[in-house]
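Taken in order, these protein sequences are the chains called L and D. Under the UniProt record's numbering, residues 1 to 344 are what the first sequence spells out, in order. Under the UniProt record's numbering, residues 1 to 344 are what the second sequence spells out, in order.
The hints are simulated quantities; they were obtained by calculation from the structure and are not laboratory data. A hint or two may mislead.
[As the list claims (entries may be wrong)] Facing chain L, according to a computed beta carbon distance under 8 Å, are these residues of chain D, among others:
1. T27
2. E52
3. S187
4. A188
5. D190
6. I193
7. Y224
8. I262
9. P263
10. D280
11. N286
12. L328
13. E330
Ideal Cβ placement from N, Cα and C applies to all residues, glycine included.
So the chains spell out like this:
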Amino acid sequence: MTDSSQQKQDQTRRTVLAVDNLQTRFMSRGPALKAVDGVSFSIGEGETVALVGESGCGKSVTAQSLLRLISPPGQIVGGHIYLEGDDLMTRSQSEIEDIRGNRAAMIFQEPLTALNPIMTVEKQLAEVLHRHHPQRRKEARAQVLDMLQKVGIPDPEGRLRAYPHQLSGGMRQRVMIAMALLSNPRLLIADEPTTALDVTIQAQILELMRNLCSQMGTALLLITHDLGVVAEMADRVIVMYAGRVVEEAPVRTLFAQPAHPYTRGLIQSTPNLATHQGQLVAIPGLVPTLADLGDVQGCKFAPRCSMATDKCRSEDPPLQTLGPDRAARCWYADEVMQTVSAQA
Amino acid sequence: MAEPQELVRVTGLKKHFPLTSGVFRRTVGAVRAVEDVTLSIRKGETLALVGESGCGKSTTGRLLLRLIEASAGELMFDGQDIRTLDRRALRTLRRDMQIIFQDPFSSLNPRMRVCELIAEPLKFHQLARGRAEVEAEVDHLMNIVGLAPSHRDKFPHQFSGGQRQRIGIARALAVRPRFIVCDEPISALDVSIQAQVINLLAQLQQDFGLTYLFISHDLSVVRYVSDRVAVMYLGRIVELADTAALFEEPRHPYTAALLSSIPVPDPSLERKDRVILTGDVPSPSNPPSGCPFHPRCVHAQAICRQEVPALRTVARGSGRPGQVACHLAEDLDLQGIPTTEASA
Numbered sequence: 001m002t003d004s005s006q007q008k009q010d011q012t013r014r015t016v017l018a019v020d021n022l023q024t025r026f027m028s029r030g031p032a033l034k035a036v037d038g039v040s041f042s043i044g045e046g047e048t049v050a051l052v053g054e055s056g057c058g059k060s061v062t063a064q065s066l067l068r069l070i071s072p073p074g075q076i077v078g079g080h081i082y083l084e085g086d087d088l089m090t091r092s093q094s095e096i097e098d099i100r101g102n103r104a105a106m107i108f109q110e111p112l113t114a115l116n117p118i119m120t121v122e123k124q125l126a127e128v129l130h131r132h133h134p135q136r137r138k139e140a141r142a143q144v145l146d147m148l149q150k151v152g153i154p155d156p157e158g159r160l161r162a163y164p165h166q167l168s169g170g171m172r173q174r175v176m177i178a179m180a181l182l183s184n185p186r187l188l189i190a191d192e193p194t195t196a197l198d199v200t201i202q203a204q205i206l207e208l209m210r211n212l213c214s215q216m217g218t219a220l221l222l223i224t225h226d227l228g229v230v231a232e233m234a235d236r237v238i239v240m241y242a243g244r245v246v247e248e249a250p251v252r253t254l255f256a257q258p259a260h261p262y263t264r265g266l267i268q269s270t271p272n273l274a275t276h277q278g279q280l281v282a283i284p285g286l287v288p289t290l291a292d293l294g295d296v297q298g299c300k301f302a303p304r305c306s307m308a309t310d311k312c313r314s315e316d317p318p319l320q321t322l323g324p325d326r327a328a329r330c331w332y333a334d335e336v337m338q339t340v341s342a343q344a
Numbered sequence: 001m002a003e004p005q006e007l008v009r010v011t012g013l014k015k016h017f018p019l020t021s022g023v024f025r026r027t028v029g030a031v032r033a034v035e036d037v038t039l040s041i042r043k044g045e046t047l048a049l050v051g052e053s054g055c056g057k058s059t060t061g062r063l064l065l066r067l068i069e070a071s072a073g074e075l076m077f078d079g080q081d082i083r084t085l086d087r088r089a090l091r092t093l094r095r096d097m098q099i100i101f102q103d104p105f106s107s108l109n110p111r112m113r114v115c116e117l118i119a120e121p122l123k124f125h126q127l128a129r130g131r132a133e134v135e136a137e138v139d140h141l142m143n144i145v146g147l148a149p150s151h152r153d154k155f156p157h158q159f160s161g162g163q164r165q166r167i168g169i170a171r172a173l174a175v176r177p178r179f180i181v182c183d184e185p186i187s188a189l190d191v192s193i194q195a196q197v198i199n200l201l202a203q204l205q206q207d208f209g210l211t212y213l214f215i216s217h218d219l220s221v222v223r224y225v226s227d228r229v230a231v232m233y234l235g236r237i238v239e240l241a242d243t244a245a246l247f248e249e250p251r252h253p254y255t256a257a258l259l260s261s262i263p264v265p266d267p268s269l270e271r272k273d274r275v276i277l278t279g280d281v282p283s284p285s286n287p288p289s290g291c292p293f294h295p296r297c298v299h300a301q302a303i304c305r306q307e308v309p310a311l312r313t314v315a316r317g318s319g320r321p322g323q324v325a326c327h328l329a330e331d332l333d334l335q336g337i338p339t340t341e342a343s344a
């Protein structure tokens, strides 16, 4: 387990999820692709941790691995996933099924594909409830109604008989959230929950998730590519690049003083409404695909990094602890932090 | 100072798509995608057209290029009425007006090589004669948009999203247009690549004196690229003003709500009195009476439910001009996003 997750446990906040050296690979004709390559982090009760990165960085595969939702050719080949101390890697398939949707739940980007199109809202929600807490239909209905009200669905009784296609995108995402929170999970994993929604609806859904998770003390793992969403939602941030954690920091520290050149590049290339107009600083080069990375020696970000030296191109930097809750995978993390504060 | 010259002028533009039903395709209604749009675009400027999905912004862009025919209204390009042009004249005109699409995956023919894709518009408009001339021009264009000459013989699927968007831009530039409609040109790209494409578009505008209509749902991006912004809601322009004025002093409640919904990538920013809109965007096939925004507007009064507000000039506190379609524009105290100095 990493230093930071151990420190977390000493604090008052109870650790809900601890991931230790998770490795997920996709078998291909060539060498296996390391989609998740030794990822470790933890989330405390009531805490929101954002997992950030661009397409193909392994953030969604990490999320799916946590609930063991990886199917061939993908495979979790190493590491431990502790949910409230239980190692999920040692559980049987049926034990995992008892945990999914119960102690840990997940919501996805596109609720239309995640909901069953031929089941009414009531049936889908009652099914989840019944799976984990068998009870009478009347009681189940009361609980479902209560949850639909909590997620702000207008006229919840009328919506019980609705099918997913009869609901708007925002309403569907609310139904998904209701379904995920029905059995009061300790951990909620949200994979790009608002990416498919319009900005005014996104604001509604983010506020809803924030309120519900803080009321229920749910640990939230928020997977997103949008730094604006990160700034508004997260307590701590984990930045991924090429299947690995490249930086971890509390949210304010991350934005004020990033320690990895990739994090700094992401922040500088994100348009910010509140700062004044000027040129955006782009990160040169392309977002790498896993297949490209096989032959990159040294730091995986070096080909796109303006600070890269010969050392970066030959030696792979480890994830170094920089302070409480802070770590970065860069040989020159101290310099990166200094240049940022000098610019400010 | 002389009045800047207009390149495009649109008056009372309408587009209704008929809704049909039954075996005889009887018309049972209409989707009022664009309902009375009046605007002008000045030579050399970037006018942004923003709004949520279904507000009619893309339809407006296509109407301007006559890719679809308007139901009513006047369309002027460089002083010429383009609604009356015959096919041949339109073909000549198309050299002046180009479009860049959102999805670089579906807008390029997958069976054509990059050099063929870029040569196609050159040949179609007979802008280069003979193989040598065409090839020289293709190389030149690839160089302009930042594609390595070694990519000439590759197919679109061999490129990343950002590179494909560069191919799309090269195709648009091939005919040396004066006006380009950019329809969500960066929405499908990763953050670090978005900044590359934005900077490229800005550079090209400077080098070739281009005029852009920049269609986007992302106001943070619009803040960076545009000179003026038009906000659309349910087929109408609700506010149009200089970019800084619109962001700092919105005069339409919808603009204020949009600005307030956008997550800002700065966790230290305290945002007071956030307006979170309730409800969804109404259907354009059954728009509400009066002001299209009144069902979601917290300021709505009796007059808003009865009369459609006209787009009229309304002064701002700072004296910056702009047009607003709101009955109450003078009386509302709306919050914008103050511009702070850029930090690191």
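Tested hints:
Hint status for D/T27: violated, given a least beta-carbon distance of 24 Å to chain L, over 8 Å. Given hint, D/E52 at the interface with chain L, holds; its Cβ is 4 Å from that chain's nearest Cβ, closer than 8 Å. Restraint check, D/S187 versus chain L: the minimum CB separation of about 11 Å is more than 8 Å; hint violated. For D/A188, the interface hint is violated, the least distance from its beta-carbon to any beta-carbon of chain L being 10 Å, above 8 Å.
Hint status for D/D190 relative to chain L: holds, with the closest Cβ pair at about 4 Å, below 8 Å. The criterion of a C-beta within 8 Å of any C-beta in chain L is met by D/I193, whose closest approach is roughly 7 Å, and the hint holds. For the restraint placing D/Y224 at the interface with chain L, the shortest Cβ-Cβ distance is roughly 5 Å, inside the 8 Å limit, so the hint holds. Checking D/I262 against chain L: minimum C-beta separation of about 6 Å stays under 8 Å; hint holds.
Restraint check, D/P263 versus chain L: the minimum CB separation of about 3 Å is within 8 Å; hint holds. A cut of 8 Å between beta carbons decides the hint on D/D280: the least distance to chain L is about 5 Å, and the hint holds. Taking 8 Å as the C-beta contact cut-off toward chain L, the hint placing D/N286 at the interface is violated, the least distance being around 14 Å. Annotation: D/L328 was flagged as interfacial toward chain L, and the flag is violated, the nearest CB pair being 20 Å apart, outside 8 Å.
Interface hint status for D/E330: violated, as the beta-carbon distance to the closest one in chain L is roughly 24 Å, over 8 Å.
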